[in-house]
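S.K.: Residues in the sequence shown are numbered consecutively from 1, following my numbering.
Hints are computed from structural coordinates only; laboratory data are not their basis. Where is the CB? At the ideal position from N, CA and C, for every residue including glycine. One should not assume that every hint holds.
Stated by the list, open to error - Pair by pair, the computed Cβ-Cβ distance ranges are:
| # | residue 1 | residue 2 | range |
| --- | --- | --- | --- |
| 1 | A183 | E76 | 39 to 47 Å |
| 2 | E189 | E70 | 37 to 45 Å |
| 3 | D125 | G73 | 17 to 25 Å |
| 4 | E76 | Q186 | 36 to 44 Å |
| 5 | A183 | G73 | 29 to 37 Å |
| 6 | T180 | P49 | 39 to 47 Å |
| 7 | Q86 | R32 | 24 to 32 Å |
| 8 | E189 | V69 | 35 to 43 Å |
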Amino acid sequence: MSQVFIDTPYTPDAQTINNNHIHVLGIAGSLRQRSYNRALLCNAHHLLPPGMTMEIFDLDDIPMFNVDVEARGTPEPVMALRQAMQRADALLIATPEYNWSIPGVLKNALDWASRKGPDAQAPLDGKAVAIMGAGGMYGTVRAQMHLREILGHNDTFVLARPHLMVARPANLFDADGRLTDEATRQRLERLLVALRDWTRQVQN
Numbered sequence: 001m002s003q004v005f006i007d008t009p010y011t012p013d014a015q016t017i018n019n020n021h022i023h024v025l026g027i028a029g030s031l032r033q034r035s036y037n038r039a040l041l042c043n044a045h046h047l048l049p050p051g052m053t054m055e056i057f058d059l060d061d062i063p064m065f066n067v068d069v070e071a072r073g074t075p076e077p078v079m080a081l082r083q084a085m086q087r088a089d090a091l092l093i094a095t096p097e098y099n100w101s102i103p104g105v106l107k108n109a110l111d112w113a114s115r116k117g118p119d120a121q122a123p124l125d126g127k128a129v130a131i132m133g134a135g136g137m138y139g140t141v142r143a144q145m146h147l148r149e150i151l152g153h154n155d156t157f158v159l160a161r162p163h164l165m166v167a168r169p170a171n172l173f174d175a176d177g178r179l180t181d182e183a184t185r186q187r188l189e190r191l192l193v194a195l196r197d198w199t200r201q202v203q204n
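Turn these sequences into a full structure, and let the hints guide you.
M.R.: Below you can see the structure in the form of structure tokens.
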């Protein structure tokens, strides 16, 4: 891809979030600007069902987790991530697969978010989560399995189905990162609807 299609991420105001909407935080486990997983998130942003809002958080500035650093005070980029998670009702994570597992940058962000830090509870605690991924011949199936195990540490509520594993993504996106495969678009739409409904069940 020559360029990933990314609009300015939408951050709804407090009134919108509190108006019975499910507010989702999207995270891509890749720092590559032309990542298919970033593109997958941005396509999700444009396919949201009624009753759902979304913002996308980039992990570029998150430092490596270090207890010594944490003891001196939570770094500003980490605090921004924690606050974004606290605002969200649910998480939508798009993970690549590196060496049969999730990328280090995603694991690092989850390590920070798993900590109580200055707050009464960790931002990950009790969140509804949906996982998806694009890459390779199998659509990140191993990475998604590992990610489910990691998220279990904080008693998150990970959506079981439907799965979204996008194999051979180079054939499914155009040069601007838009999904051109209608079957994949429909699968993504079903995942978003399921996450919205699942989050409401978790909240109730």
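S.K.: All hints are to be evaluated individually against the structure, with a verdict given for each.
M.R.: We went through each hint and held it up to the structure:
no., hint, verdict
1, A183 - E76: 39 to 47 Å, "holds, 42 Å"
2, E189 - E70: 37 to 45 Å, "holds, 39 Å"
3, D125 - G73: 17 to 25 Å, "holds, 21 Å"
4, E76 - Q186: 36 to 44 Å, "holds, 40 Å"
5, A183 - G73: 29 to 37 Å, "violated, 48 Å"
6, T180 - P49: 39 to 47 Å, "violated, 21 Å"
7, Q86 - R32: 24 to 32 Å, "holds, 27 Å"
8, E189 - V69: 35 to 43 Å, "holds, 40 Å"
Checked against the numbered hints given earlier, this structure breaks hints 5, 6; the rest are met.
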